[in-house]
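S.K.: Make the full structure from the sequences, and use the hints.
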Amino acid sequence: MRTYLLRHVQVLIASVGQLSRTPGSTLMSVGVIGITLALPSLLYLLLVNAEKVGNAWHPGTHISLFLDLGVDAERAQSLLERLRRREETQQVRMISADRALQEFKELSGFGEALDALPHNPLPTLLVVTPERAFEHPDELQRLVSEFGALPGVELAQLDMEWVQRFHVTLRLARRAALVLSVLLALAVLLTVSNTIRLAILNRRDEIEIIQLFGGTDRFIQRPFLYSGMLQGFFGAGTAILLIVACLQVLRSPIRQLADLYGSVFQIAGLRVHEALALVAIGIGLGWLASRWSVRRHLHRMFPSAEPYSPTKAGTFAHISTLRHRVLKLRRSDKRRNR
Amino acid sequence: MIRFSQVSKRYPNGHEALKRISFTLEREQMAFLVGHSGAGKSTLLRLVTLIERSTHGQIVVNNKNLTKLRRRQIPFFRRQVGVIFQDHKLLHDRTVFDNVALPLVVAGVGHRELGRRVRAALDKVGLLGKERLYPITLSGGEQQRVGIARAVVNRPPLVLADEPTGNLDAELSDEIMDLFHQFNQYGVTVMIATHERRHIQRLGKRVIELKNGELMSAGDQN
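Taken in sequence, the protein lines are chains A and B.
So the mapping is simple: the numbering used here equals the position in the first sequence, first residue as 1, plus 16.
So the mapping is simple: the numbering used here equals the position in the second sequence, first residue as 1, plus 25.
Since the hints were made in silico from the structure, they are not lab data.
Any given hint could turn out to be false.
Quick list of in silico lysine to aspartate or glutamate cross-link-like pairs, EDC-like style, CA-CA up to 16 Å [said to hold, decoys possible]: (1) Lys114/B with Glu222/A; (2) Lys114/B with Glu224/A; (3) Lys121/A with Asp131/A; (4) Lys114/B with Glu167/B; (5) Lys155/B with Glu167/B; (6) Lys155/B with Asp112/B; (7) Lys114/B with Asp221/A; (8) Lys44/B with Glu239/B; (9) Lys230/B with Glu51/B.
In silico contact screen, one side only, chain A against chain B (beta carbon under 8 Å); selected entries [to be verified]: (10) Tyr20; (11) Phe229; (12) Thr232; (13) Phe235.
Each residue gets a CB set at the ideal place from its N, CA and C atoms; glycine is no exception.
M.R.: Next up, the structure:
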């Protein structure tokens, strides 16, 4: 067991050496991996920040409670107090029936016609602004049905459109980011597998010798797996540096913009666990790519040997001899025709 | 140790390198495989080490039926066979020590045991002081002896050599052949492909002769 672990450490160190011996191609592939990983990460940060901006700047969701016509000012006031005490509400405002009528008269231009009515047809209205924490569409829906069931409330209505649109847009953007991430992950796979392919071709003789002296495929692929994982690791490191640099470049103009809007918005950066996840993804992709590449090339370069199958080998030999004969016949035919 | 029964090797282009070869090499025997170039000597050795598969017949080496051995089992089979090549096949970016240690590293032998065995093998071929050198700094005969040390470091019961003295002068090649003779006296089965009849006369061992892929004579069984 100790020998085995020691071997792994040795192989790891040897792989670092191998990579540093071809600094040009290593740097190039690490750079490509870095950029490829940085792109979806930046997109992810953009989404995180968009969400933050959305939450900070949206005008607030309201739930309108239309009270029963029979509810007088005193009961409306007590209902208002009750709602204010609830943890879900941030602010509750009352628009009395009289004020509503007043406003309606002024704004609609039906003033005199409304004067003809025997009594005020408008209900008292309570406008509830929920707390931020309860702004998720499901939560809002729950509040609406709960408030609607309160005694004295005729109808509870939510101005949901804005919230829904915002959330749907974000979901769409997330989906797009996911698709893009998958494509870019494929790009990383191709990059790493290409460098590994070159490494395998470079060390063809060595691989052959190791095979002749009893090296298993697993033994042979080990240094390449490490090399792939190292490339992924350094690629992810490069990506993190790129992201930090990008954020640094954007930070001051964003602050200026936020100042202009009178906001204290601060751009959200890469958190530690996100950076670690990026590194893990880099290593994982490197491993996957090199494994895929090594498998493919070991079988292609050294096909020595699938067990002999008489039908297969027989058929191939047969076909090729047949082909030879046919070609010979054709040639002699041509000669005769001349 | 090696048993061929009606073995043929036909390449996809229709060329038949070996035609219905049958012979047996007993344990602890030593034999020379002779014939002109193109007679099929190398092909025969390639079949024994499973670098290639036969297209017909049965080969049993060290009690293993090679026709039934799967790809996954080949490495473990090869650890039982030491091979020596005319072109040495050494790793030129590794020291003599690392080259000889390769079969042990591949088999996962521990660090201390590895050093001991590598030095023993190098001692046997007379290269003990040169373990830190790179193969390129050694003479042709010394390089071949590194190859021999590598082939026997694992103490395999069977050693195969393909033209091991091909590029060496008479004196050096005699030394190399004497080494193989010594291994044989320690109980190792040895098969050497060569076109130099001189060694055969000098050591007087069994001769297996190939001509155009056919077995001309399988020599004296004893």
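S.K.: Next step is simple, just say for each hint if it's right about the structure.
M.R.: Outcome of the hint check:
no., hint, in the structure
1, Lys114/B with Glu222/A, "holds (9 Å)"
2, Lys114/B with Glu224/A, "holds (9 Å)"
3, Lys121/A with Asp131/A, "holds (9 Å)"
4, Lys114/B with Glu167/B, "holds (13 Å)"
5, Lys155/B with Glu167/B, "holds (10 Å)"
6, Lys155/B with Asp112/B, "violated (20 Å)"
7, Lys114/B with Asp221/A, "holds (8 Å)"
8, Lys44/B with Glu239/B, "holds (5 Å)"
9, Lys230/B with Glu51/B, "holds (13 Å)"
10, Tyr20, "holds (7 Å)"
11, Phe229, "holds (4 Å)"
12, Thr232, "holds (4 Å)"
13, Phe235, "holds (6 Å)"
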